[in-house]
Amino acid sequence: MQTATTHAPGHAHGDAHAHHEPGFWQKYIFSSDHKMIGIQYGITSLLFLFFGFLLMLAMRYQLAHPGQPIPFVGGLMEKSLGDDMAKGGVMQADLYNAFGAMHGTIMVFLAIVPLLFGAFGNYVTPLQIGAPDMAFPRLNMASYHLFFWGGAVMLSSFFIPGGAAKSGWTSYSPLATMADSNFINGQTLWLIGMVLLITSSLLGAVNFIATIIQLRAKGMSWMRLPFFVWAQFVTAFLLLLAFPPLEAAGLMQLADNILGTSFFLPTGLVVNGSQPDVSGGGSPLLWQHLFWFLAHPEVYVLILPAMGIVAEIIANNTRKPLWGYKSLVYAVLSIGFLAFIVWAHHMYLTGMGTKIATFFQTTTMMISIPSVIILTALFISLWGGSIRFNTPMLFALSFLPMFGIGGLTGLPLGFNASDIYLHDSYYVIGHFHYVVAPGTIFGIFAGIYFWFPKATGRMMNETLGKIHWFGSLVCMNGVFMPMFIQGLRGMSRRMYDGGATYFGSGVGADPGILRLNNAITAAAIALAVFQLPFIFNFFWSMWNGKKVESDNPWDATTFDWQTPTPPPHGNFDVEPVAHRGPYEYSVPGSKKDFTPQGQAS
Amino acid sequence: MEIPYTVKPRPDTGLYNAKVGIWLFLASEVMLFGAFFSAYILLRVGAPEGFWPDVATGWPHGLLNIPIGTFNTAVLIASSVTVVMAWAALKENNFPKFQKFMVFTVACALGFLTIKTFEYNEKFTHYVIRMKDGSAVTGHLNIDGHSPRFWSLKDVEEKKLEALKVEVDIPNKFRFPVGMKIPEAVHEAHKSGKHHEEKEFKVADIASLKAFVPATATFFAIYFTMTFLHGLHVLAGALVLAYFAFLGRKFWQQHPEQFTNRIEVAGLFWHFVDLVWIFLFPVVYLL
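Protein sequence lines correspond, in order, to chains A and B.
The first sequence lines up with residues 1 to 601 when you count with my numbering.
The second sequence lines up with residues 1 to 287 when you count with my numbering.
Calculated directly from the structure, the hints in this document are not laboratory data.
Worth double-checking, as some hints may not be accurate.
PhoX-like cross-link-like pairs, simulated, lysine-lysine; straight-line CA separation at most 25 Å [to be verified]:
(1) B:Lys250 to B:Lys97
(2) B:Lys202 to B:Lys159
(3) B:Lys19 to B:Lys97
(4) B:Lys199 to B:Lys165
(5) A:Lys218 to B:Lys8
(6) A:Lys218 to B:Lys19
Sample of chain B residues at the chain A side, in silico, Cβ under 7 Å [stated by the list, open to error]:
(7) Ala35
(8) Phe37
(9) Thr57
(10) Pro214
(11) Ala215
Each residue gets a CB set at the ideal place from its N, CA and C atoms; glycine is no exception.
Only chain B is shown next, with the shape it has when bound in the complex (with noise of 0.2 Å):
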């Protein structure tokens, strides 16, 4: 006995096999998600007035790149309607016009990957600097004319450096930190309303010096990993879409229906893999 409608509906449920496959397991998506939103708000609510890095465990603001955010979006958004179009081609039969819409989703969502990267650097070649008297400053270390990544104060002291260099973040009226205590040489630049200076700290007034990771903040943990997470289902649509649109000719021609089954339903994982980001783009970028 084959097993039953895996191609064809259902007639009283109305759906073959993997389309109730596919809702099930994003309904399991949802709550995973769901549980480190939650998360979010209960570490966000919970965390005392006042921001990072101003107050030690406060919740940052203001520390990711919104226009860079609000692109990555569009980018997504874009991939979830050419999806569409691939499916529809396929209805069409039509598939190299099905080919085209699905390079370009998966062009879309390595455009997407590639963006995060670059995020994920400036946010490993960013510091938090608290000075010995209380005062903290944040920027990005100015080496030999480049930040390195992950930085702590042993590998300054293994350096034999006796002053860091710092592109140093002024703090200004939207920009965080608001109310900080901020070392005497940056009063002046807060004056001037430029965005950075560089100055220079001696190592020996330097308490700690910390990159912007997961282990720095709490705000840096859920967002490390919620984005983490997010780019992983991503990088895992993006390579099943990848793999249809390059090796499915041989099923499709095969297969036809069961194809386009296929890719309706790795198109419902790709909308979820978008909505997750509608959702995390406010929470983590704008709030």
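Next up, chain A with everything else stripped away, as it sits in the complex (with noise of 0.2 Å):
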């Protein structure tokens, strides 16, 4: 938390600042310094990542033993959430479709795209291409504060009469304008709370493209760029151009709920056996395709980054260069490119027609390539290094072959005629969670243990952050490998009892398939435990970590590493300048192990 405080004499930017020291709004909440914003991002999105776990754990609770009081919590959620959500503290349908929406929306919007972009970006980018600041600082502001308040709003909607949103973090119409009575509800704050977070989002995205593109340092060239930086700026692109469209779709939706339009209810709608009264001729698919026009795209938004990550941290601790430099900068932005139009293979299942079907199909596979060539490259990258195995490095290598799993899986539901059988079945929720989790997910923890001696100027202790790494990893394969199994035998990914009805008794009877909630929740659990060393780590080595001896503790070639730690306001104490790639280590010849950027020859 120290980060950013110091303040350079000389170094202020703009003439808004003076020289001197700011007070506490200013430092901390109301800061245009790109690091603090990075952190604010960061605590504020781990909040949320935590809050999301826990409606997860809440409701695999309720998966594993239906119908019986969720324990510790359930007391408190009767008397926070009403009789209606929670009665006797045993989890109501209605709270456990509330808590899906909410546990989808809070990990993709509120969570990890802000770790990744809000905080990891926020903090690395100026500093890698070695920049003072953002290009626009205040604006870089209004991202934050837009996002702290969209997620605000996310959250009050619990406590409202109704409950959170209940219909899926995809919210597809009807379902979303119907579900609930109410003029102010669930849905309608969810979709406020989506418009603040999506301008929040826009403003981020305009700001990190022109400061990559404006603000690179003497020397900074494309092909000089690190790859964190690259898959930044694609990442920044996929924002920028795909969430227009699900902003126009919320609104039309939230004139739906509260004008009473009919842009996504279709003629002759029937809800509860009566016809509502509204004018119909509305096309619910419209809103599947805004959606999923955003969501395809934000799934690379939710990846790219954290590639980033891992390839940085695979480049340090191999002592070599990474292996294909150019072929994953060509592959990221033919990522880039493709995530654009894939996004209908999420929507096979609306009749939309077998040719329309082969052509997203068709780019469906396209885009793997891409993907292979980078993981590809960050394989081959580990061949022959002298690699150092510290706790960024081991979740930098886990990354690999979960998100090797997670892609792997994927296919089978790119493809038309086997999607049909898997679609809407936990062998997708798997699928997707692999991405993400041990995907994304470790990519943020490697980041975290990798750049928070640069933000405190102390490292993290080495043995807890191995005990939460090999916990994590054995525990997030417990909840979602028998996942796969689950989806393959047919379970429904919607049933809030965990399959009991259909599978319980009479033809179909499977409790072996049951049983696996058991297991899969007593990971999730788990999993939770194994968290804590983390969180305990984060805080304790914040006062009492090791002091870093150097500002290069990694011994890391990237600008981010020869500014002073914490680095001050305006970052660098001497303009930099690059002279070489990013990734220039063990070069034969030269007396260390690695040639920082900023070396002249």
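Assemble the dimeric complex from its two separately framed chains, guided by the hints.
And the structure:
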């Protein structure tokens, strides 16, 4: 937390900032320093990550023990959310739906994206390109505050009559419009929250792209950019161009909810046996198209920055250059383009016709190629390296096979024929979570352990880190691997009793499949336990961790390690100049096994 | 370290930061309005044959006032020209000339919004009345000499009216609703060739009364959403331009180059707002 508070004399930027030490509000809340904003994003979204995880734990308990009161928090839930939601501490169907929708929304929009893009992107990108700050520091501050209020609106929706949004994170119409009859309901707040979050992301994306284009240091040509910066660059473009259609869709659904329009309500709609008083003539498919036009690129928003983090850490800890840097760059650019033309593979079941399905099936297979190139290049980078197995590296290394499982299990979902069977089953949950949980979140953990010494001047504890890594790796697989089996057996992802209705008795009885629910829940609880060393380590190391002996504790080459620790306002003492590529490790003939980008020959 | 290229362009890109920023922002705006235009196309193509209100979910035609729309288009195009003149005046170092052109631009923007408000009001006081026999008329109500806004049948019942006076739109070849089943009372007027005629309908015969508001038909929904969003952009642009015109002198004196850049960036945004309307006008008024 001490980051960016040191105000090096003569390093103020812009005429708005005088040369005096700013007060508490300006320093921590209304800061326009990219590093403080990065930390604000980081702390807020880590809290959201934890909260989203707790929602999931409550749901998992209900799935394994349907109809039994949730231990520890059941009473609290009954008191705060009411009898309709948690009578006697038991999770009711409505509450399960609300938690499900909010778990997805919070994890994607309030935790992972802000962590990768808001926290790491903000903190590291300007440092790595050798810039004093973002191109538009005050816009950057506005992004964070919009994000914060978007999150606050989302959270407040739990406590209004009718509870939070219950129509899934995808909010398909007409369900999303018809699920609640109150004028201001959870869905309305969800939409208002989303509009704020989208606006925040758009401003952030504009800022990132402008910064990377304009503020690269002298000599920092495009092909000398660290791969992390490339990943952020493409991510920013995805956010910039894919989010506005969802904003449009959100505004239209908001109109459906509060003005009574029929953008997404078809003619002849019947709800609970009667026709609602709406004009009809709308199209539910329109919502799905606009939603997935964002939400597929969003998947790449969730993974590309994590790949960037992993690439940095692998290059650093194998002590050799990344294998195929240019292929990595072109692959990430190809993903950025192809990400916009694969969205309808989420909609094979809508009866779009075989010709359209074939198109999206083809593009989906095409986009797997650059993803495989990235993964392969990272794997080959390990070859012949003298690997340092520190905590960031362990997380980065486990990212590779975990993302591999996530990617490969995605192929059957990309094919029309197999997707029709697997769609909406636990298989999809398993696939998606392999990509984002042991994939992206491991990338995030790797990044936290890696850049923590730059932000605080202290190392995180290695032993606790290794316990955290090992427990998380085992438990993540314990949670998500059985879901493939459940999905292949045909278990729907939307049953709040864990499938007991279908597999409990009668013709299709399959107690084995139900027992997997207990195994998954046990693994999830164990996963929660293994996060405790991390939480302790994070705070303890901030004040008591081992002090770094130099500004470059990992012997890294990129600009982010050439700044003072923690970097002051304005970042660099002397204007950085790039003389070489980003990963010159173990250059034959040089004295040290790393040659920083700023080192003249 | 100062943030570089806030005023002077970066040599290898030839752009200063804000110009990169505004073009990126406009790219996202294109995607925003693009999504609405796509929605418009999908909803319209998905509508059944026949015109609203004849067909309940059909697509209305000819409801918007084309001459007024054309005039508003001209107003916006004029403002787009003057915003460039204002910028050019700054390049000539002539601040009073800049102010004149900028004030004219802002006046155009406000004129556009005023006209749009009257158009909106015309819609809010315009009604579609469906009879219990399945026929329908459109027109303005006549309640004590004026047509109220946003009425429904409930308001008529609250007023305890027995009959409703309506300034009926007479269907003809050029105006909607082409093949609509019209009440007997309007048959005669149809032959007269007039555009409007006042008729009286028994409230007991009326099945529904709805103003031309977003909830009434999908066309209104997309029309109001798109034009309102565009209107918000006009308003935002006008506020920014007015700020520069009236409160910009001091900044201009201190940082002339940066001020000129700001006008250029604001002008780019203004052109974009204009351009959206140039697509919006033919799509919702003419097609």
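A quick look at each hint next to the structure:
{"no.": "1", "hint": "B:Lys250 to B:Lys97", "verdict": "16 Å, holds"}
{"no.": "2", "hint": "B:Lys202 to B:Lys159", "verdict": "14 Å, holds"}
{"no.": "3", "hint": "B:Lys19 to B:Lys97", "verdict": "24 Å, holds"}
{"no.": "4", "hint": "B:Lys199 to B:Lys165", "verdict": "6 Å, holds"}
{"no.": "5", "hint": "A:Lys218 to B:Lys8", "verdict": "16 Å, holds"}
{"no.": "6", "hint": "A:Lys218 to B:Lys19", "verdict": "21 Å, holds"}
{"no.": "7", "hint": "Ala35", "verdict": "4 Å, holds"}
{"no.": "8", "hint": "Phe37", "verdict": "10 Å, violated"}
{"no.": "9", "hint": "Thr57", "verdict": "3 Å, holds"}
{"no.": "10", "hint": "Pro214", "verdict": "5 Å, holds"}
{"no.": "11", "hint": "Ala215", "verdict": "4 Å, holds"}
Hint 8 alone, counting from the list given before, is not met by this structure.
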